Amino acid sequence: MWHYLLRRLLIIFLPTLLGISVVVFGIMHLIPGSFVDVLVGIGTDITEEQRARLVQAYGLDRPLPVQYLYWLGNLARGDLGTSLRTGKPVLAEIIGRLPVTLEVSALALLMALALAIPLGVLSAVRPNGALDLVARVLALAGLSVPNFLLGTLLILAVSLYLPNRFPTTGYVPLSEGLGANLRSIFLPSLTLALALSASLMRITRASLAETLHQEYIRVARSKGLHERRVLLVHALRNGLIPVITLLGIHVGYLLGGTVIVEEIFSLPGIGRLALNAIYQRDYPTVQGTVLFIAVAFVLVNLLTDLAYSLIDPRIRLEQ
Amino acid sequence: MRHHVKMVLVALVVLLLVSACAAPPPPQAGAPASGEEQSAATTEGPQPGGTLIIGKSTEAVGLDPHLVTARSSFEVIAQVYNQLVDLDEDYLPIPELAESWENPDDLTFIFHLRPDVKFHNGRTLVAEDVKFSFERIQDPAVASPWSSQLELIERIETPDERTVIFHLSQPFGAFLSTIASTWAAIVPPEEVEANGDLQRVMVGTGPFMLEEYVEETRTVLRANPDYFEGAPLLDGITYLIIPDEAARLAALRTGEIHMSALSNAASAGLAARSEGVSVASQQTTDYYLLGLNTQRAPFDDVRVRQALSLAIDRQAIVDSVFFGEGLVTGPIVPTLGKWSVPPEELPFYQPDVEQAKALLAEAGYPDGFETTITASPRFPEFTSIALVIQNQLKQIGVTATLDQVEWGTFIQKWRDRDFDTFVSYNGSGNDPDRALYPMLHTGGSVNAFQFSDPEIDRMLEEARTTVDQEERIRLYHELAQAIARQAPLIFLNTRTEYVALRDNVRDFHLSPVDTYRSLKQVWLAP
Numbered sequence: 001m002w003h004y005l006l007r008r009l010l011i012i013f014l015p016t017l018l019g020i021s022v023v024v025f026g027i028m029h030l031i032p033g034s035f036v037d038v039l040v041g042i043g044t045d046i047t048e049e050q051r052a053r054l055v056q057a058y059g060l061d062r063p064l065p066v067q068y069l070y071w072l073g074n075l076a077r078g079d080l081g082t083s084l085r086t087g088k089p090v091l092a093e094i095i096g097r098l099p100v101t102l103e104v105s106a107l108a109l110l111m112a113l114a115l116a117i118p119l120g121v122l123s124a125v126r127p128n129g130a131l132d133l134v135a136r137v138l139a140l141a142g143l144s145v146p147n148f149l150l151g152t153l154l155i156l157a158v159s160l161y162l163p164n165r166f167p168t169t170g171y172v173p174l175s176e177g178l179g180a181n182l183r184s185i186f187l188p189s190l191t192l193a194l195a196l197s198a199s200l201m202r203i204t205r206a207s208l209a210e211t212l213h214q215e216y217i218r219v220a221r222s223k224g225l226h227e228r229r230v231l232l233v234h235a236l237r238n239g240l241i242p243v244i245t246l247l248g249i250h251v252g253y254l255l256g257g258t259v260i261v262e263e264i265f266s267l268p269g270i271g272r273l274a275l276n277a278i279y280q281r282d283y284p285t286v287q288g289t290v291l292f293i294a295v296a297f298v299l300v301n302l303l304t305d306l307a308y309s310l311i312d313p314r315i316r317l318e319q
Numbered sequence: 001m002r003h004h005v006k007m008v009l010v011a012l013v014v015l016l017l018v019s020a021c022a023a024p025p026p027p028q029a030g031a032p033a034s035g036e037e038q039s040a041a042t043t044e045g046p047q048p049g050g051t052l053i054i055g056k057s058t059e060a061v062g063l064d065p066h067l068v069t070a071r072s073s074f075e076v077i078a079q080v081y082n083q084l085v086d087l088d089e090d091y092l093p094i095p096e097l098a099e100s101w102e103n104p105d106d107l108t109f110i111f112h113l114r115p116d117v118k119f120h121n122g123r124t125l126v127a128e129d130v131k132f133s134f135e136r137i138q139d140p141a142v143a144s145p146w147s148s149q150l151e152l153i154e155r156i157e158t159p160d161e162r163t164v165i166f167h168l169s170q171p172f173g174a175f176l177s178t179i180a181s182t183w184a185a186i187v188p189p190e191e192v193e194a195n196g197d198l199q200r201v202m203v204g205t206g207p208f209m210l211e212e213y214v215e216e217t218r219t220v221l222r223a224n225p226d227y228f229e230g231a232p233l234l235d236g237i238t239y240l241i242i243p244d245e246a247a248r249l250a251a252l253r254t255g256e257i258h259m260s261a262l263s264n265a266a267s268a269g270l271a272a273r274s275e276g277v278s279v280a281s282q283q284t285t286d287y288y289l290l291g292l293n294t295q296r297a298p299f300d301d302v303r304v305r306q307a308l309s310l311a312i313d314r315q316a317i318v319d320s321v322f323f324g325e326g327l328v329t330g331p332i333v334p335t336l337g338k339w340s341v342p343p344e345e346l347p348f349y350q351p352d353v354e355q356a357k358a359l360l361a362e363a364g365y366p367d368g369f370e371t372t373i374t375a376s377p378r379f380p381e382f383t384s385i386a387l388v389i390q391n392q393l394k395q396i397g398v399t400a401t402l403d404q405v406e407w408g409t410f411i412q413k414w415r416d417r418d419f420d421t422f423v424s425y426n427g428s429g430n431d432p433d434r435a436l437y438p439m440l441h442t443g444g445s446v447n448a449f450q451f452s453d454p455e456i457d458r459m460l461e462e463a464r465t466t467v468d469q470e471e472r473i474r475l476y477h478e479l480a481q482a483i484a485r486q487a488p489l490i491f492l493n494t495r496t497e498y499v500a501l502r503d504n505v506r507d508f509h510l511s512p513v514d515t516y517r518s519l520k521q522v523w524l525a526p
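Going line by line, the protein sequences match chains B and F. Count the first sequence with the numbering used here and you get residues 1 to 319, in order. Count the second sequence with the numbering used here and you get residues 1 to 526, in order.
These are computed hints drawn from the structure, not numbers from a lab. The structure presented is a predicted model; accordingly, all values stated were derived computationally and were not measured. Heads up, the beta-carbon is just placed ideally off N, CA and C, and yes, glycines get one too. Hints should not be assumed to be uniformly reliable.
[Unchecked claim] Pair by pair, the computed Cβ-Cβ distance ranges are: (1) F:263 - B:160: 15 to 25 Å; (2) F:235 - B:137: 47 to 57 Å; (3) F:504 - B:162: 22 to 32 Å; (4) B:310 - F:380: 44 to 54 Å; (5) F:295 - B:88: 36 to 46 Å; (6) B:179 - F:101: 52 to 62 Å.
Please model the complete structure; the sequences and the hints are all you need to start from.
Structural data, given as structure tokens:
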């Protein structure tokens, strides 16, 4: 397994990150509009020399390959660079906002699993039953409604019918009390959880329904095992493998989804950091946040692979 | 495909018109923030105490008055810093940190400072601070975006602790209104030295001082008990960053915030219908415009530009895009009062399709031409304006295609002068020189139209170097006529600013130049 891990890291992880770094750097500098121009805007009375001085002051006058290599060199030493807009280290900016994004993603994941697994199992056990039909319709709705719409609808509904129950904006850090903290991230997490639970529910149902038709399940039943044991121990364990694969991918998407949700619910997380940095062409911050999310995505996928072997010993990683 | 795009655009215009008809009654322009039913409660008079909570759409991009350009920064800076002079409602200078001044000749201004002003760090303001602040803005090493505004200051003297003398290199009519700008704040040198710059700390002389700055979350200001006009009524001001407008409206409704700027008339209508919320509105000195590339055919021909000025019905734009809120403007906005000329007295301002067609034919385009209008969805009203103009230009045979681009891209195109026409808005600041000179003088820094006319250049220079105010007004009235005749851009209408307030916010007044210029007189009713 260690051999496998090492190989994955060297052959897949590093080249992937290098590729991402080139693409992110390239795209940010290819799109029109530069940091200095967005800073100055279109109404400010500023001479060309003054503008040139600003460009130089921010180190943007050097050739792009030089800027890239310089950035990469710092990256190798664990330095993500300095934000052009705030003058703070990008890594510090990311770490400062990480708890918000992690909290929202984690709560969303928990809520999604708590909804999806029981619903999926129940639907699979009684296909085409009343519960199955309702769950499938809800899942379709959950998949179809984009989270920016869902978020806005939730804000409207809560501010109209449940005023003062959940704050619709802003983030209360954990240090100001667990209750207030959870209340402040409940709605954004729910927004993310609904769409996620819809797809998790569907895959749980499909995968479990298929597993229930396998020979070994029939054997287990004919041995006279209790139906609950057949379902929860024998069937669910195998049925969960596709769910875990999907979960791995979705954790990555969750990080992406927080970009929109953080904007709507005004949470100071990584997503909003990246979005504002793009608008302002704050190159180091965009590069840093995207690279950070990419690393997280790749790592989660690696963990997903490892999780297979824990659930199903037949899947051996050395192969 | 093209056909589909057209259909969608037509549908959009129809929707726009329908929604214009169904629009809620717009809030009263310039109306006091509080409704009539409150006047009974206000008889007790202003009461001290309480924290005003303001919802802001964007975080301040740094806090250093000399380095930032964003409105979101100046909103906060205006509460913490002071300038030498302020402007009253007629844009005339009034004392602030300077209690009086003399103007012995056109090139010299002598200011006498108030004796009782203290910085938030406890030190008394002296003349050296004023000299330091202006020289800091001028210093090339500081790279202040405002340095060109102070080009005409040759040197500053401080004969004693309470006297500052400015020597100008040539007469400058807009000098006092320039140094009344929020960016011309007086800052303490020791804090600049200690912190490198003032982007993350605030030490001013103003009615409020910075207590906490948590980026992207909140900025907390506390009342300054030693303010030279006496402590403000509020205990403090808290700014919460809430980017989403729907979320800000919801927070107003639930009372999480007291006050928030709103971006458009539709939101203002929604807010006005909420219980416990009222909306104040104000015409600003900003205005919308259709910029023309005067170096590119066919807009290099003055007759084509005049034809456009005649074909575009400005009032129709005000009615359909802004629900009737906005004033048709000439080269100098009506909100600048006595400086401006009423639009009906300007040439090529009354919509006249026949005359426009005749001018086009004379210029060699009897069947019109094809062009593009560049706009950015960052400001949805740009797109709406572009759609209405597109429709109006059809009447004179001009086919305009809409080119929508992201804001950064828009700025790039604007810089590269890579457009036929574009929709945007400009600020006029507090003086016609500020509004016109950089925009229309040959090679001016914001002359995106690449407009160049020796006669207009001469008039702009003359108006700039005239100090006598009556004479300046006469010169600007002539300029407005000349610019309208040249039509290097189509001036459309003023921008309306909306602020929604909870009903217990009292004595809040909007100013055409700076939304939150002063919150020192604001108080909260229990």
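Sort out which numbered hints this structure fails and list those numbers smallest first. Violated hints: none at all, because every hint is consistent with the structure.
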